[in-house]
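Protein chains: 4
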Amino acid sequence: MKQGLKIAVIGGGSSYTPELVEGFIRDYGDLPVRELWLVDIEAGLNKLNIVGELAKRMVAASGLPIDIHLTTDRRQAIRGADFVSTQMRIGMLEARVRDETIPLRHGVIGQETTGPGGMMKALRTIPVLLDICKDIKELAPQAWLLNFTNPAGMVTEAIHKYGGVRSIGLCNAPIGLIKLVSARYNTQPERIYAEFAGLNHLHWVTRIEVEGEDKLQELLENREQYAASNVPQHGWDPDFLRSLQALPSYYLKYYYLTDFMLQEQLNSTNKGGTRAEVVKRVEDELFKLYSDPQLKEKPKQLEQRGGAYYSEAAVNLMRSLHNGTNDIQTLNVPNRGTIDFLPDDACIEVNCVVTKNGPLPLPLTKIPQPVKGLMHAVKTYEQLAIEAAVNGDRALALQALAHHPLVPSVSTAKALLTEMLEANRDYLPRFFD
Amino acid sequence: MKQGLKIAVIGGGSSYTPELVEGFIRDYGDLPVRELWLVDIEAGLNKLNIVGELAKRMVAASGLPIDIHLTTDRRQAIRGADFVSTQMRIGMLEARVRDETIPLRHGVIGQETTGPGGMMKALRTIPVLLDICKDIKELAPQAWLLNFTNPAGMVTEAIHKYGGVRSIGLCNAPIGLIKLVSARYNTQPERIYAEFAGLNHLHWVTRIEVEGEDKLQELLENREQYAASNVPQHGWDPDFLRSLQALPSYYLKYYYLTDFMLQEQLNSTNKGGTRAEVVKRVEDELFKLYSDPQLKEKPKQLEQRGGAYYSEAAVNLMRSLHNGTNDIQTLNVPNRGTIDFLPDDACIEVNCVVTKNGPLPLPLTKIPQPVKGLMHAVKTYEQLAIEAAVNGDRALALQALAHHPLVPSVSTAKALLTEMLEANRDYLPRFFD
Amino acid sequence: MKQGLKIAVIGGGSSYTPELVEGFIRDYGDLPVRELWLVDIEAGLNKLNIVGELAKRMVAASGLPIDIHLTTDRRQAIRGADFVSTQMRIGMLEARVRDETIPLRHGVIGQETTGPGGMMKALRTIPVLLDICKDIKELAPQAWLLNFTNPAGMVTEAIHKYGGVRSIGLCNAPIGLIKLVSARYNTQPERIYAEFAGLNHLHWVTRIEVEGEDKLQELLENREQYAASNVPQHGWDPDFLRSLQALPSYYLKYYYLTDFMLQEQLNSTNKGGTRAEVVKRVEDELFKLYSDPQLKEKPKQLEQRGGAYYSEAAVNLMRSLHNGTNDIQTLNVPNRGTIDFLPDDACIEVNCVVTKNGPLPLPLTKIPQPVKGLMHAVKTYEQLAIEAAVNGDRALALQALAHHPLVPSVSTAKALLTEMLEANRDYLPRFFD
Amino acid sequence: MKQGLKIAVIGGGSSYTPELVEGFIRDYGDLPVRELWLVDIEAGLNKLNIVGELAKRMVAASGLPIDIHLTTDRRQAIRGADFVSTQMRIGMLEARVRDETIPLRHGVIGQETTGPGGMMKALRTIPVLLDICKDIKELAPQAWLLNFTNPAGMVTEAIHKYGGVRSIGLCNAPIGLIKLVSARYNTQPERIYAEFAGLNHLHWVTRIEVEGEDKLQELLENREQYAASNVPQHGWDPDFLRSLQALPSYYLKYYYLTDFMLQEQLNSTNKGGTRAEVVKRVEDELFKLYSDPQLKEKPKQLEQRGGAYYSEAAVNLMRSLHNGTNDIQTLNVPNRGTIDFLPDDACIEVNCVVTKNGPLPLPLTKIPQPVKGLMHAVKTYEQLAIEAAVNGDRALALQALAHHPLVPSVSTAKALLTEMLEANRDYLPRFFD
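Protein chains in written order, with UniProt numbering: chain A, 1 to 433; chain B, 1 to 433; chain C, 1 to 433; chain D, 1 to 433.
Just so you know, these hints were derived from the structure itself, not from any lab.
Be aware that one or more of the hints could be misleading.
Note that identical chains are pooled: a pair holds if it fits in a single copy or bridges any two copies.
Capping the alpha-carbon separation at 30 Å, the derived lysine-lysine pairs in DSS-like fashion look like this [unchecked claim]:
(1) 356 x 366
(2) 414 x 253
(3) 356 x 179
(4) 215 x 414
Modelling step: build the complete structure from the supplied sequences, incorporating the hints.
Listed below in structure tokens is the structure:
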């Protein structure tokens, strides 16, 4: 007889794991986890042990009957799991450094999820996720695969098209926006309703209700606050927002403020610090903290890491799937007519009702007319890149890159592609067989 | 009793007019023109007279019973017309110089139909065309308005949405491609069948049959010929074309080779010659030729002017509409489902069967997957710019420009818009009332 | 300062009203009704007073501060209302008798919501509802109009197209199915999730989960139970249901078992009792009960009246709209892409998330392939009949009837239409001016 | 070296063959047929010889170098063919008698292409056509399969979905309408343009131009002529046509005048003559004529056979495909968005431009709103019946029949299906293995 849930976390040695464990402890009543399997690769064994031991101490302190397993045997972890969650980085931070720096040398935005860097990450990551799907199909065919691995939209779409398992993509950005607005209005996150339209890392928020009152206009108009970094509209031109009638995702700055963002990246790289290098330092500090045998809870410092709320999003989703609560969450799911100009099988990021059988996307009440082309252009690139990743097809990869809105010409695309493929050769067997 | 057709040419003082007259003479059997009214504004009266007298000499030499009328009274010309054709430039070549140079100063492509320059031309032109439509609705409600005025796709779409008259947009590029291919294969243009997919100045040719044989692959692959300027594939990267499986319009170089084209524009401007200035010199020479009272035919030199085949396209279309020949021509027409991801009312440039009741777009047999996003992005910009033009709405104009694929940021868009609107103040009453 | 909600019930003298009052009392905590206005026409004043006095006694017994107002002044009742609900029958039971008997004389199903009878009811009712909308637009523009008036799908669609007010259509059939299944499985209605696809009185249930377990197959297969009238699958051929993979609405028997249902109607009419006449007797008994000054609660007998759960559905919906609870209810709403082959403005009956801004239809997870044509055919008829009602257009009414799946020929349609319009002359001013 | 075309006619012993041969002779200049292979089954060998010898005499009289081959070896006939045409009846006229009489006994229209009879014909015919497709794929992969075999729309759709060959469906009804109108207006068929919208044997004509003038209204209104059987509008109610604004196909009488047509069928059956039996007599007479060794041309009497113009349609289509003339013909082709509410892979009957690569459907300029539901309902039935035929699936066949607009109930559908399957057992191996 089944006594509780089995959960497998691929990339369990991640610095995010304590947040996830904290969530499982907090929500145990609604989500009775019996076994938590943290899986990682050999190269990550040291981190896995550090974070795993912290997890064990946290559970022990809670007094709950949750078994923590640490392993490099992915198949054992997956067998019979109810949920599989993935949070991993193929090629580790070294690959991220390359994703961020090679494009910059060609005068193109260097970012790990957006533009050429994001495409390289997708090419490395998608085949690994599809391998994981093979194991799930065989060993836990009823499991839900919750994918956080970036670029989450593309990876989730690839899984839907080629993985043959039940899967949902998640990002921390939507929950982050909710938290920001709730802080701004000094209310509970549950009292905020925001409607998201678009793709992962490319969404627009077209409705924000705070305690049942529409506050979008107020947020778009509030000029004096644009300088403050702790407000949702930080850094955007108020005239532009007002005529757009939507709040763009932070990642849209790479598209709307391309020249400015590029300059900023060049400046910070010249000062000797890509984002990857900053993250590396933060992680080192976190693992030092985690190693403390006295630590029995998630340290506050983790919240300053970029990925805050990732695990909260994951636990919320598992809880709703498990209980069929039919509540609304912002998720990455196949389009199937929700955005009428995108293909049915395109993954989009929108509000969904989470039923026991999975998420159902809610109809969009508004989609800003000006953004349709950009959204379609990025999705077109994504779909080409997914096919390139699955087939190891250079011609498709060239088409993807040449048609990416941030790439200024076919010749730049060609040069970039050649260099980036070569630099990632070890992680791209489908391209270099 | 009606004894033949009445045709009104708005912008009749254009240097293209002799080609049109030549066409009417050549096709008189199928298209019995009784009255040809050449209309122009006061400022163009001198040119109108020069070109009008040449037209009269051409007709006299032909011995055909066609009456040529020269006038500045547009309403008289339109009254009872069967066809109205427009070929005009609001603000004349001076405005074009500004369209081409202001964007360059902001590091953006400067071109009269593509990008910010094209948008300014649209803002100046659309209200004038809608005024002409008012006259047609009143004075010749059954007339066909054939629109050549650039940006032809946007202007035609504006007419369809707001003009209330029967209208078709035309461009010389499709017929030009046919002529190039027919020369390359040493056969008649009638033996070439090419399928066009896309928008005006933003199309891709996805099928080329020469005498019933598919030659697309051969044209895409023929590497040694890319250097030759008299071939369709001139200047494109063969690897890119082969994986795209389509021949892009010449104008697509502004999108696919942005950095290169921008550099070329900067170089030639520095050498003291925008395209507008080159055209001005060519036109001066043409009008000198036209003034010769001995000249009784279209001079060969006209063919070197960029707009070759414009008039051939026009005469072909009038002939097919008049006779209901159900033949196939490449035209700008409302989408109505032909390209499934674009709105029904978007004007597209595709092959059509020309019935007596107007053109019916043929279904596309192929549309390259990679180009969908770019096509949608440019159409999105076009639709916003049309609304801005009709309403004199700066906020919409900002959205249009900020979302144009060639504009690198919202701040550039804002600066450019401010400067260009100001520079065109005289021609933008809807913006400056 | 607003102290509670104002609710106007048009047709307040209906025998259903006590159920509604009971609901307001039960849910007062979530739905604080301050004023309840019961409106009826002069001819219904006697009933209004009987049912109104019972309502007052029920409220008094509850001790809640709800004011009951009885009036024939519709405008006073609507002014400033938060919710307007309608439950009325234009032409009263006499008109229903005609709706049920005239078609039978032509060999066609005689039913008050389905077929020619339903169309006559729509022709009588739609103009009256649109008049009510005029009052709401003027006097309570923010009010929600909850429409129970049959044929509810057509009436709601007409309101959406021509009424200019916020409106939702409701039916008791979906909630009735849920109650039947919950009784069958001995569980709470809240533990049942059923997915409805289709139109009002023309839906199919494609998923039934009981406490999270899929029971559709079991319900379709359970052959021995088909004879029992208290099960959802009562009377259907089990082979047919199994290959259909959906449970049809009771009303679909008029389409799937036309010959049998027609015979049954003819038999019962011959025995001297149409459905209308039966209902009349039940109503007379109810009002006798209601008149008892000792009665202070809804009598049990009301539940045997066909319309059980109507008021429960209404109170649930008001509560969710008022509180923005984002829960799921089965409602009649504009299609907007949910059923891809029906027009966007077609009203459909599907599960919706009820947000503060109104219902958002959930995507259908399944729609049985075989039923698409029938669904489209009935919706086509409905849309034609709505236009006929709004414009008093006989030609459209003929097209509607001639294309109704239950009408065997154009000549029958013509004869039926002539006779039915004449019989309803008093209620069809748009047809007889 | 190829010296001309090879054509294979499956069912070459048909009485229509002389018309086809006449067409090949007449159009030899545009369609140089070198080999004509007439194929039939053993049971049809006698007819094949009679009609084949007549064909040889016709060719000899023409003096053209066309070789006629008579054979029962289908594969030999197909090998290397340019065109394969099919005109056959699985089960011969005996099966047709059953298709027409069994439904009548259940009170349902008995017709060989419409309703239950048409479904049985489809179940018998589709597997045979798919077998022929296997041969074509192997032996003549570039051939065009022109399908006349009824129900032509369903058979063609099945070939498109499962046959893997290039195929087009043809019917003589559209060309017949053109001839009728040209006779009515005393002009050439080439001067008529009619727009067809719908399915095979279920189309509506929404535009009729005679010498460039719109005559639809005149044809719909002309009341005094409805009695005359040689006009297109014969037998329709003028009020109905006028409000429909379209001329329905003759076959639509089975839907629009169901009660009348049923009575007529019952009467004529009682008088001892189904349509099948009438046809049988006509055929016997034709073959007697064909046997005359003096006959060297198509006899006039053939035109009185129902299928007049079938062969003219076929020869026209082959000629256009061979020469890429881009002319317009009414054909059965996959929908692909032409009728927006039908699936992309549904076969529809519409005007097409016949290019060298096959037909491209023209956009419909009008589709009568009232007919959408009926069109969708019949197409739904067709798609279910195709799947039933391909898979020998009784459950799908039941769904198809139960949802057919002419079948009054599930129980009638079930009884009919059982009886008809049994009666066709010899021709339905997929159902009876």
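Hints and how they fare:
1. 356 x 366: both (27 Å within a copy, 15 Å between copies)
2. 414 x 253: Answer is both: 25 Å inside a copy and 15 Å across each meet the 30 Å cutoff.
3. 356 x 179: Both. Shortest intra-copy (26 Å) and inter-copy (21 Å) distances satisfy the 30 Å Cα cut-off.
4. 215 x 414: Answer is between: at 26 Å across copies they meet the 30 Å cutoff, but 45 Å inside does not.
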